[in-house]
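Position chain D relative to chain R; hints supplied.
Chains as they are written, first to last, in my numbering: chain R, 1 to 112; chain D, 1 to 422.
Simulated from the structure, these hints should not be mistaken for laboratory data.
Some clues are possibly wrong.
Stated by the list, open to error - No more than 27 Å apart at the CA atoms, straight line, and that leaves these computed lysine-lysine pairs for DSSO-like:
#1 R:Lys97 to R:Lys49
#2 R:Lys85 to R:Lys56
#3 R:Lys108 to R:Lys56
#4 D:Lys307 to R:Lys85
#5 R:Lys39 to R:Lys72
#6 R:Lys46 to R:Lys8
#7 R:Lys97 to R:Lys39
#8 R:Lys8 to R:Lys39
#9 D:Lys297 to R:Lys53
#10 R:Lys108 to R:Lys8
#11 R:Lys56 to D:Lys346
#12 D:Lys212 to R:Lys90
#13 D:Lys346 to D:Lys404
#14 R:Lys72 to R:Lys90
#15 R:Lys90 to R:Lys49
#16 D:Lys307 to D:Lys360
#17 R:Lys39 to R:Lys53
#18 R:Lys53 to R:Lys108
#19 R:Lys8 to R:Lys85
#20 R:Lys97 to R:Lys53
#21 D:Lys360 to R:Lys56
#22 R:Lys97 to R:Lys8
#23 D:Lys307 to R:Lys90
#24 R:Lys49 to R:Lys8
#25 R:Lys85 to R:Lys97
#26 R:Lys90 to D:Lys346
#27 R:Lys85 to R:Lys108
#28 D:Lys404 to D:Lys360
#29 R:Lys53 to D:Lys307
#30 D:Lys307 to R:Lys97
#31 R:Lys90 to R:Lys108
#32 D:Lys212 to R:Lys56
#33 R:Lys90 to D:Lys297
Unchecked claim - Negatives, chain D to chain R, calculated, CB over 10 Å:
#34 Val22
#35 Ser31
#36 Ala45
#37 Arg121
#38 Glu330
#39 Gly392
Cβ coordinates follow ideal geometry from the N, Cα and C atoms, glycine included.
For reference, the chains in residue letters:
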Amino acid sequence: MVTGSLDKNAPELSILVRGNVVSTNADGIGSAISGILTKYQAQPWKCLKIDLKAVKMVDSVGLNLILALVRKLEGDNRSVRIFVKESAVKRVFQISKLDTVVPVITQKRGRW
Amino acid sequence: MRGGAADYLEKPVELSQLLDTVERAVASTRSSRRLLATRREVQEAGRLSEVFPALGVPETSDHFQCFRSTVSELGGDFLAFTENEKDACVFLLGDVSGHDLRAAYISSYFQGFARGLRDRRSSIPEILRDFNAILENQWSALTASGNTDLAWHPVSLAVCGADIDLREGVMHLVNCGCPGVRLSTPSGRCEVVDPEFAPLGWVAGSPIEAAKVDVSGCGFVYCFSDGLIDYASRLEMDAFCMIYEFLSCRVREIESMDSSPPDDIVVMRLQIDQSIDGAALYHPLIAEQYGGNEMDKIDRIQDVWRKSLVFALGDAVEDCLLDILLCCREAVLNGLEHGCDGASGKLCSLVISYCPAERKVRVRVDDAGHGHGFDPEERMRTREVLDGSHLGLVLVSELSHRMKIENHGTSLEFEFDLAVPE
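In isolation and in its complexed conformation, chain D is listed as follows:
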């Protein structure tokens, strides 16, 4: 049976038993062939969904990178991207609830719908408002008709899109339920533009409009589906380190990871100033905020930093990993205790970024406090007096290769030079 036999007969063989067994074998073979054919069709449909995007097929270039992973052959996540010669580009990233055939159908339907309207010069907000109305009307009609098989589980679509004028540095952004769009500066600082609207299909008549976002000083714009956040959370890492690694093309196949993602993942990164070599910009690897009352969680937090840095930088960070972790620990604990007064409502932010061209890791910690009036240099000199004070500042100053204090002490930035491989 292990070798592929369909069934077996006991001696003495009776004709009726033989006929029954053959019938079962024929039925089983037909079922297997149908399953195989269906699977091939699903795979073919999956390939088709990639060549009929809402805008254009996203192709990786020097300034645009994307990554996509689906749980099954047909996924509900999609990404479309197009640019023209006038330094303008458009992206549309979406995530249909579920990752089954139903989700894939809705995804394809939306992309065709969006492409048709876009060709007729409709704006992204108009497309999203119209599709929201379709979902609302269709499901209302289904509910009214008593078709509860479908109506009990309505479809929703999280979608984020933007028209970007790269020359003017202006982005008209619409986000309906996707994770907040991340903006990073050339020096590695991060900002989140939170979604303003609920996913399509949630709110009838949602007044979806674009928000004008100044991206003139930005290094990169990041957009991704919530599958990435779920996956990062499962692996206890920061989402940014996964973006960096996935878009660096070192992880080509998600199957090479230790744990499979629970949901479809789609990620994109767009470089705003395309006259600069992207490798010369700082890429965020970790961008987190901690409440002032999270000091007792610092060991777990530190472990997330460790996993994230090792995942993104691998052996390159090995030599100074412990120093980076210790300095981050000291800086964040100082921010939580003195800047946030241990209060849950006050936040301390940490951003760790990496410049591939310079092989530098930069850490920036900002707290919500008012700072201090003392001279940090004077404080540093107190290390000659062994009274145990200011040891955290001394460690950060001496273990890092460069350190600066800004905003009266509420901001601390320090860097590490990674060793050049032999």
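The following block holds chain R by itself, in its conformation from the complex:
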């Protein structure tokens, strides 16, 4: 459901989330992300890229999870960028005004 990878050239840490980010799995997703952050803590990455392109629903608990993550990384002088595909998902970031504290980028699948 959650996988992480480090792009040493960027330097950027990427986290890919599959499935929804909602009340019933937010704890599990939070733990998985914490594990990835711990694993790459010592690496010199500056930006966390959260890939939510496979996510169709983020509820209020999911938004709070992401907000807490953004706040934590701000304290570590690291930034966060979120990538989404579904307009419905982007809209919840706009409505909640989370897009004012973290860039939310719509990225559709490109033509090959």
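Just chain D now, kept in the frame of chain R:
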């Protein structure tokens, strides 16, 4: 053999083998013809059962709709409906245990019995009490006579009927074992009138009486057999969305569904105030109650909402389906957590209804709590402060087209306008 040959002979052909083979072929053909004739008779009996109802043949009109599906040619479920010029109507809906010839026979017997008594001005409770006595006496007699072939599996009949005065808005309802009669308001709220008596044949001397129900403020009265609930459960949908779809005449043949119903189904819907266009009323699509301890089941619950809405509204709901689901999720979780305190004994109800004329989906969530004393508008303004609080309320408010909070916060109602097709 695949082409229809009855048998085959090996060379060299012996006369005795040929005669045996011909005899078997003749017997087989006779058996097939008997089977075919029996099937035709069953089909004919099935047609007859529809033209000899207990009251009148139910015919769909602007204010009365019905749907019937049987597992076999002859079913045990029946529906009879009649109305007169004095704004009064009567319905009788029944479900005999089983869906075989035996069930069909009992169904026909009851309908003839009911029709005879009704023509002699017997009330519905009187008819049901008398038939209950017949079942009890007949099966007792069979048991006493040692006829265990029949007595080991007694017949029962769930039946629900009512005399309705549409002008006065009064329904005299008798329900012996059918699912509770549903009443919906013009705005889409729902109420269930639970059955008061056991199915006929269960309790000797059951004191069956009619209950007086005020339907003056109702939009629709719904009555159906338990086959509908079983089918909805199998498809993991709410029964109301199936009623809406079946009665909208879009699903003419149950065979077009992905899965066959396990039992006979009969459904009826009666509009009480017939001066209003039925399409201008809100039709319930989902009406559920959840215990306070069901928060961890919300994903499965949400999937039932999704299937139900897609089944009833199809492509029309596609554009705002995710928004509706998210808002319902937030509202129900809030009700379960804060209104019901997570307690199994406290219930949170959800009703999703649809107004075809206005193309509006309305959602209402009521919880069992005492509400709150804060100003929701003030809470909404806290979204300027990104502390993560009240995000659920903010999502419902912004994603829906209209929202209102009532009863100190124990009731939340919000609406979505579906796009007008191009």
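Structure-based check of each hint:
Restraint check for Lys97 of chain R and Lys49 of chain R: the C-alpha separation of about 19 Å stays at or below 27 Å, so the hint holds. Proposed proximity of Lys85 of chain R and Lys56 of chain R is supported: the alpha carbons are some 8 Å apart, at most 27 Å. Distance check on the hinted pair: Lys108 of chain R and Lys56 of chain R sit about 13 Å apart at the alpha-carbon level, within 27 Å; holds. Restraint check for Lys307 of chain D and Lys85 of chain R: satisfied, since their Cα atoms lie roughly 23 Å apart, inside the 27 Å limit.
Distance restraint check for Lys39 of chain R and Lys72 of chain R: the Cα-Cα separation of roughly 16 Å lies within the 27 Å cut-off, and the hinted pair is therefore satisfied. Distance restraint check for Lys46 of chain R and Lys8 of chain R: the Cα-Cα separation of roughly 11 Å lies within the 27 Å cut-off, and the hinted pair is therefore satisfied. Annotation: proposed proximity of Lys97 of chain R to Lys39 of chain R is violated, straight-line Cα distance about 30 Å (limit 27 Å). Between Lys8 of chain R and Lys39 of chain R the CA atoms are separated by roughly 14 Å; this keeps the pair inside 27 Å, and the hint holds.
Only pairs whose Cα atoms come within 27 Å are accepted, and Lys297 of chain D paired with Lys53 of chain R is accepted, the gap being roughly 25 Å. About 25 Å separates the Cα atoms of Lys108 of chain R and Lys8 of chain R, which keeps this hinted pair within 27 Å; it holds. For the hint linking Lys56 of chain R to Lys346 of chain D, the alpha-carbon distance of about 31 Å lies beyond 27 Å, and the restraint is violated. Pair hint Lys212 of chain D plus Lys90 of chain R does not hold up; C-alpha atoms about 52 Å apart against a cutoff of 27 Å.
With a C-alpha separation of about 23 Å, the suggested pairing of Lys346 of chain D with Lys404 of chain D holds against the 27 Å cut-off. For the proposed pair Lys72 of chain R and Lys90 of chain R, the alpha carbon gap of about 22 Å is at most 27 Å, so the pair holds. Taking the CA atoms of Lys90 of chain R and Lys49 of chain R, the gap is about 15 Å. The hint holds against a cut of 27 Å. With a C-alpha separation of about 18 Å, the suggested pairing of Lys307 of chain D with Lys360 of chain D holds against the 27 Å cut-off.
Only pairs whose Cα atoms come within 27 Å are accepted, and Lys39 of chain R paired with Lys53 of chain R is accepted, the gap being roughly 23 Å. For the hint linking Lys53 of chain R to Lys108 of chain R, the alpha-carbon distance of about 8 Å falls within 27 Å, and the restraint holds. For the hint pairing Lys8 of chain R with Lys85 of chain R, the CA-to-CA distance comes to about 25 Å; that is within 27 Å, so the pair holds. Straight-line distance between C-alpha atoms of Lys97 of chain R and Lys53 of chain R comes to about 19 Å, which keeps the hinted pair within the 27 Å bound.
Of the pairs offered as hints, the one joining Lys360 of chain D and Lys56 of chain R holds, with about 24 Å between alpha carbons and a cut-off of 27 Å not exceeded. Proposed proximity of Lys97 of chain R and Lys8 of chain R is contradicted: the alpha carbons are some 31 Å apart, above 27 Å. For the hint pairing Lys307 of chain D with Lys90 of chain R, the CA-to-CA distance comes to about 24 Å; that is within 27 Å, so the pair holds. Between the alpha carbons of Lys49 of chain R and Lys8 of chain R the distance comes to roughly 13 Å, so the proposed pair stays at or under 27 Å and holds.
With a C-alpha separation of about 18 Å, the suggested pairing of Lys85 of chain R with Lys97 of chain R holds against the 27 Å cut-off. Note on Lys90 of chain R and Lys346 of chain D: the hinted pairing is violated, with a Cα-Cα distance of about 35 Å set against a maximum of 27 Å. Restraint check: the Cα-Cα separation between Lys85 of chain R and Lys108 of chain R comes to about 5 Å, which is no more than 27 Å; the hinted pair holds. With a C-alpha separation of about 15 Å, the suggested pair Lys404 of chain D and Lys360 of chain D falls inside the 27 Å cut-off, and the hint holds.
At most 27 Å may separate the alpha-carbon atoms for a hinted pair to count; Lys53 of chain R and Lys307 of chain D meet this at roughly 23 Å. Distance check on the hinted pair: Lys307 of chain D and Lys97 of chain R sit about 31 Å apart at the alpha-carbon level, beyond 27 Å; violated. Of the pairs offered as hints, the one joining Lys90 of chain R and Lys108 of chain R holds, with about 12 Å between alpha carbons and a cut-off of 27 Å not exceeded. Of the supplied pair hints, the one linking Lys212 of chain D and Lys56 of chain R is violated, its CA atoms being roughly 49 Å apart against a limit of 27 Å.
Restraint check for Lys90 of chain R and Lys297 of chain D: satisfied, since their Cα atoms lie roughly 26 Å apart, inside the 27 Å limit. Separation of Val22 of chain D from chain R is adequate, the least Cβ-Cβ distance of about 67 Å exceeding the 10 Å criterion. For Ser31 of chain D, the condition that its CB be more than 10 Å from all CB atoms of chain R holds, with the nearest at approximately 57 Å. The claim that Ala45 of chain D is not at the interface with chain R holds, since no C-beta of that chain comes within 10 Å of its own (minimum 52 Å).
No beta-carbon of chain R comes within 10 Å of the beta-carbon of Arg121 of chain D; the shortest separation is about 59 Å. At roughly 6 Å, the least C-beta separation between Glu330 of chain D and chain R is not larger than 10 Å, which violates its mark as non-interface. Distance check for Gly392 of chain D against chain R: the nearest CB is about 4 Å away, which does not clear 10 Å, and the non-interface claim fails.
In this structure, the earlier hints numbered 7, 11, 12, 22, 26, 30, 32, 38, 39 are contradicted, and the remaining ones agree with it.
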